[in-house]
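Asker: Listed here are the chains, written in short residue letters.
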Amino acid sequence: MTEQPPTGPAYPPKPESAGSPPQYGPQPGLPVPGWGQPPYGEQPHTQQPQYGQAPGYGQQPTAQQPNTPQPPYGQQPQYGQQPAFPTQGYGEQPASGVPGQLPPEPPMPPVPAAKKSKLPLLIAAAVAIVALVAAGVAFAGSRGWFTASGAATPNEAVENVFQSLADGDILGVVDTLTPSEAKFSADMTGDFVDQLKRLKIIDSSATPDQMYSMKVTVSGLTLSPTPITINDHVQVVEVTAGTITFDGAAATDVLTDKVRAALPEVKAATPAHETFDIATQTAKTGNALRIASVKEDGRWYPSVAYTIADNAAYTTVGPDYVSKLSPVPPTGSATPAQAMDKLMNALVEGDVSKLVATLDPGTMGAVQDYASLAFTSDSDRCMWSNGMFGSSDLPEGESGSGSTSGSCRPSEVSIKDASWTTTKVTGGQKVSIGSLTLETPDGTATIKRDPSVPSLTLVSPDRKTIVISPNDVPDFFAKLSENFGVDLTGESAQVTDIVQRELAEVLNLGITMVQGPDGQWYVSPLHTYSDVFVSLLRGLQPADIDFFLKQFNS
Amino acid sequence: MRDHRTAPLAAWIVTAAGSVSIIVGTFLPWVVSGRVNRHLYQLAGVADRLGVVGNVPVAALFALPVLCALPSGLMALSLLRTGAVASLLLAAIAIFAGSAVLAIGVGRGSGTIAITPVGPVTVAIGGLVLLAGAVITIRLSSQVRRVVEARPSS
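Protein chains in written order, with our numbering: chain A, 2 to 555; chain B, -18 to 135.
So here's chain B without its partners, still in its complex pose:
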């Protein structure tokens, strides 16, 4: 017999691990210029100052850590389905961003500025873990819903 506490705890741990991976990944090197590595926020700051990102609000990027904490927080509040949806959205963003940067830049060119895979890979992996957490949570939520629906209304 499974402990009814084990499954949500496992889902929460997987979700939290994915979120933490994404946050950590954003602080790992994304671009190397000469012998200097830059993480995502440094890169965004440079891009913003140089005006290469147009009118994209780079400051919004700094909300990312808070967004990453959102799924775990929602799940801890028993909002399993909402947390799972947040996880899915965040996972999609992380997987897309990480893999897109990898696809575009790694190994390309021989200049002094190059994309380094550590940061994007960590973020993409974090996204995959978060996706797994979302799947587990959705399955869990469905089971609970079935149980509730099977009950007669009082």
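With the rest of the complex left out, here is chain A:
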């Protein structure tokens, strides 16, 4: 048998020298972008065998482009010999390529499936697991599972606060309180510490927790198994046994050197040590240690305000005080200025219950719940008639006592017009006087405040207009010295300066309104008190502290 030359179209002419032929298909060693997917540009297994190649002849590599195995340049298959793999010489087009170069090729026979890697499946499973876990964590976090404060029961809430105390966990103690009380304590402490730092009373690196130096040890704590229900959101737990030991000392490390030097006795203060045996105290006073818890959003929190109110009511009214409670529902306002209007109207009307209704239910909820115990009659409830401030000449038709729901005699002074200015302060909005026009028995009086100076102008009928301004303090001091012989020499400049700055702060004081959970604005006495205190500190300068320390030591 003689060998026959190959028939069919001739291979394109091959150049004599052409360097390295271009590589098509995947490069060995180069990665692919994904798993279980063909490399970029990789052709699926649709390539046809080279012309002349017998169907089924040779095995196509499943993950490679046809013609990839390329013989060295110049190497041709033997005449009449069918290559084991389809070959492609230099300059050849891929089999899938250019029309017109190659004749239609016979269909490729079924290619045996390559062994599939399980890697893509494993990777996908791993990603799915990670994503599921991540989504679960995110969901749990969004539901507060990692961060939830409060407790499921009042007893658990009380146990938590004692446990936090025993652990020295100040953060935990604050966080176990009702959210409103915790936020207020954080607001007030933060502002207070900031001012003490600014005045160089405490070190600039001091933190609020360093202000306390107390160790609490709790042992053998026993709680009453069933809490006492006060209303739908307050329950009281009695602590029946156990000991609480306090070891405290003044936290002098946070004080600046100048303060420590000026007040050496503070540094030498003896640490206090007190142990309370609850059973002994209960036997001595006849009253158990009662801790009130408040329910907010389904969780229970120990409350300082409710604990004070409960203990006061229990000791003054008796164990059955609950039956005498008549809560005052809070009534908020859409804006801080409207809350101020409501407060002023309550004052003019003289009805304490209406005044209490304007208060912030978060921090003053105990006052609203327990107010009825303090105001058992109109004489207690009405400020201007037969009550705490007024006389007993009630007009006909208005009750004087025996009722807690009748209208009170209003004040003789009424508000004709009022405008307020609001300023953002920590925890809320401070509402101060813009202008106020009052109708009095003597005529119309006006009060106008200019916050830019600041100054307060009082115009009353038949009286001289009074302007109160820090700018007038030096003149006032001069007249004081001249008329009364007060010696203001020496340190007078410092004193005058301090009074000027403090007066400026006082003229800008106001009532702080806070937003309740219902979005309404309420009067917050605690925030107002805190703002007054911080404002007075703000009026001081570090040099004033030096001045006070010097005066203290001289």
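Errors might be hidden in some of the hints.
[To be verified] Some, not all, of what chain B presents toward chain A, calculated at C-beta under 8 Å: (1) Ala(-3); (2) Ala(-2); (3) Arg16; (4) Arg30; (5) Leu31; (6) Val34; (7) Cys49; (8) Ala50; (9) Ala57; (10) Ser123.
[Claimed, not checked] Some, not all, of what chain B presents toward chain A, calculated at C-beta under 10 Å: (11) Thr7; (12) Phe8; (13) Ser53.
Keep in mind the hints are simulated off the structure, nothing from the lab.
Here the structure is a predicted model, which means the values were calculated and not measured.
All residues carry an ideal CB built from backbone N, CA and C; glycine is no exception.
Chain B: place on chain A using the hints.
Answerer: Positioned in the frame of chain A, the structure of chain B alone reads:
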């Protein structure tokens, strides 16, 4: 000859390891108060309730685990460059947050509340690992791109 599957797998593993480290780090102690440790989410919850973070949406923090799974997921979908960019962003956040907390708080003060380094360090390390994963992925992606660009258009 390198297996073309090895490099992306290695990049994926490094990226996943960085992401897992960040997630784990957020659950490790960040602050110790007295004898009680608190992880990042507990701390954020307390800070939110006390109002010390202003109007910052603390709830958004809980999306962090999902964000951490994002780079690995994108890479598994062959979106190498997008996954690498996500890795870079996440790594930057993790490294910044971890190192900033460490710089600010560790060893400062003698109060009962102090920053404990376990959580921030783990998150920062996770960020560095994620950064390495992003670099590997970007190099890998560039190689693949070069290969694709070297091919004639069909």
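Asker: If a hint holds in the structure, say so; if it does not, say that too.
Answerer: Each hint tested on the structure:
1. Ala(-3): The hint holds - Ala(-3)(B) has a Cβ within 8 Å of chain A, the shortest such distance being about 7 Å.
2. Ala(-2): violated (11 Å)
3. Arg16: OK, holds: Arg16(B) within 8 Å of chain A, min 5 Å.
4. Arg30: With a minimum Cβ separation of about 5 Å from chain A (threshold 8 Å), the hint on Arg30(B) holds.
5. Leu31: holds (4 Å)
6. Val34: violated (11 Å)
7. Cys49: holds (6 Å)
8. Ala50: Where the cut-off is 8 Å and the nearest Cβ of chain A is about 4 Å from Ala50(B), the hint holds.
9. Ala57: Hint holds; Ala57(B) Cβ to chain A Cβ min 5 Å, cut 8 Å.
10. Ser123: Result: violated, 11 Å to nearest chain A Cβ.
11. Thr7: holds (9 Å)
12. Phe8: holds (8 Å)
13. Ser53: holds (6 Å)
Hint compliance for this structure: hints 2, 6, 10 are broken, all remaining hints hold.
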